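This is what each chain is made of:
Protein chains: 2
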Amino acid sequence: MAAIYHRVALIGLGLIASSMALAIRRRGLADEITGTARSADTRAAAVELGLCDRVYETAAEAVEGADLVVLCVPVGVMGAVAEEIAPRLAAGATLSDVGSVKQAVIAAVGPHVPEGVHFIPAHPLAGTEHSGPRAGFAELFENRWCLLVPPEGTPPEPVARLRELWEGMGAHVDTMDPAHHDLVLAVTSHAPHLIAYTMVGVADDLGRVTDSEVVKYSAAGFRDFTRIAASDPTMWRDVFLTNKAATLEILGRFTEELFALQRAIRTEDGAHLFDYFTRTRAIRRGIIEAGQDTDAPDFGRVKKAGD
Amino acid sequence: MAAIYHRVALIGLGLIASSMALAIRRRGLADEITGTARSADTRAAAVELGLCDRVYETAAEAVEGADLVVLCVPVGVMGAVAEEIAPRLAAGATLSDVGSVKQAVIAAVGPHVPEGVHFIPAHPLAGTEHSGPRAGFAELFENRWCLLVPPEGTPPEPVARLRELWEGMGAHVDTMDPAHHDLVLAVTSHAPHLIAYTMVGVADDLGRVTDSEVVKYSAAGFRDFTRIAASDPTMWRDVFLTNKAATLEILGRFTEELFALQRAIRTEDGAHLFDYFTRTRAIRRGIIEAGQDTDAPDFGRVKKAGD
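First to last, the protein sequences are chains A and B.
Quick note on numbering: the first sequence equals residues 1 to 307 in the numbering used here.
Quick note on numbering: the second sequence equals residues 1 to 307 in the numbering used here.
Wrong hints could be hidden among the right ones.
Identical chains blur together in the list; that is why a pair holds if it fits in one copy or across any two.
[Said to hold, decoys possible] Lysine to aspartate or glutamate pairs mimicking EDC-like chemistry, simulated, CA-CA at most 20 Å apart:
hint, residue 1, residue 2
1, K244, E83
2, K244, E256
3, K244, D177
4, K244, D269
5, K244, E268
6, K244, D275
These are computed hints drawn from the structure, not numbers from a lab.
Computed from a predicted structure; not experimentally measured.
Put together the whole structure using the sequences plus the hints.
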């Protein structure tokens, strides 16, 4: 495939950026990749893994001459990074990001974007419970969605070019407005993560059931919650602080519904429970039909693994 | 392996019973397997799949001459089934079950158990989101726990023999008292299932986010909830109705903790969120070290699947 960008600068070198670097290299989507990270360990790992052609100590150096700069840092520090790099961004360059929240990123980054630079926020809906530069792999984005959130008035050419990059990495691409993005993600990601974190915390904190019992008997449903609740704490703290309104709204709806089901249990309203549990099966079928999960029964993950 | 029982009767032929039949056959753990199910379709499937040596229309016929009878029906009907088969149980036989709740099963089944029959409730912590006789597979119990809940005064020999059967099917076996079992399972299974059902229901019901958006973007965390929430509605209705007290207790603790995290979001207490999310990572490490899940990043399930 022909290179889509000449030089891509990755600011932050965690799971997403390292996966981008590997995917871009494998498909030849850029002539060059530069990168930077605040931590010296991360920079050393990036050099060792050959993620970038050049790894710099500062973001300002890394963005020099790049026609695409992607902010891959936690949402909470994007504003500060944008301020630092703004004076060094090349005219005509595209500035993007991979944050899980879009309104807050636009509010923090937008004011720093210089005239002549195209700011196109993006969010690849891909990740694992692991973090850091060693967690990346080139296939992470394959068959996953990437949502682009171009501000009104962005010319179509840079949007099409960024879309081409994400499609080149194997993703499907949609565009969405930032408020709707934040609501959709509150439902499909942010609220479920908070709920998983909560349930795992409760289990950990329950004196009468030991941690060792929780661990041994986790296969009964809890196990998937622990995987979700093993995600990067800094990233998730920032997500909840920056997508506060939508997350709290969905959690409010969740609590309302949970109380209704608790009442059905308390009053032994079996019909209500049965109907509710039947309805939720349909959503699952939709997800499998859409190719976003497999219908294979969830067993044997242990066997596929370590051995 | 030498047969551990002469004739095993499986009452109900869903996911668990069909997996038991396949595992027992493969390892030669019984000379004969008989089975029954209320639905004619299920009985026909069992015959077609060769799960049992003989499939009967009634439970009373199926248990004739069996030295092990296993109730594999929803918890809510176990009492009625026990009443039906009680007069036909052979002296010295063991009566067991595979229900997800133990106190309610003991209360419902116990009074019907005739003198000379050993009642040893059991609960294999294994399953998938699929149900029915075609969902079974011989490896379902491998490396999973099976909890035995023998009433006080049960002689050790029949307990050891049932343990041997479960170990023969690949499971690890522990014994536990029924109240503790129900509390442990409320934490590791029942509350997580209700929470997953609730979250999927909320997503389905949210006018401003379409079902098609929920389905497309489910990979961001929600997907695992939908898998849990695709489990058998009858089974889960009965679980919640029969493990009411422990489930409501854990949900109460969950709500308390969720409210504390919601307040941390509302007041922007990032340190509280960060500490909580860091603590939950440790439980995940324990589960991986205990071999109850793999540390492989959760991606590519789609690729492993249908294609």
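Against the structure, the hints:
In this homomeric assembly, K244 and E83 never come within 20 Å of each other (Cα to Cα): the closest approach is 24 Å inside a single copy and 55 Å across copies. Taking the shortest Cα distances, K244 and E256 sit within 20 Å of each other both inside one copy (18 Å) and across copies (19 Å). In the homo-oligomer, the alpha carbons of K244 and D177 lie at most 20 Å apart inside one protomer (17 Å), although the nearest pairing across protomers, at 44 Å, exceeds that limit. Taking CA atoms no more than 20 Å apart as the test, K244 paired with D269 passes between copies only; the shortest distance there is 12 Å, against 34 Å inside one copy.
Within a single copy, K244 and E268 get their C-alpha atoms only as close as 35 Å, which misses the 20 Å cut-off; across copies the closest is 9 Å, which meets it. For a Cα distance limit of 20 Å, the shortest separation of K244 from D275 across copies, 18 Å, qualifies, whereas the shortest one inside one copy, 32 Å, does not.
Violated hint: 1 only; the structure is consistent with all others.
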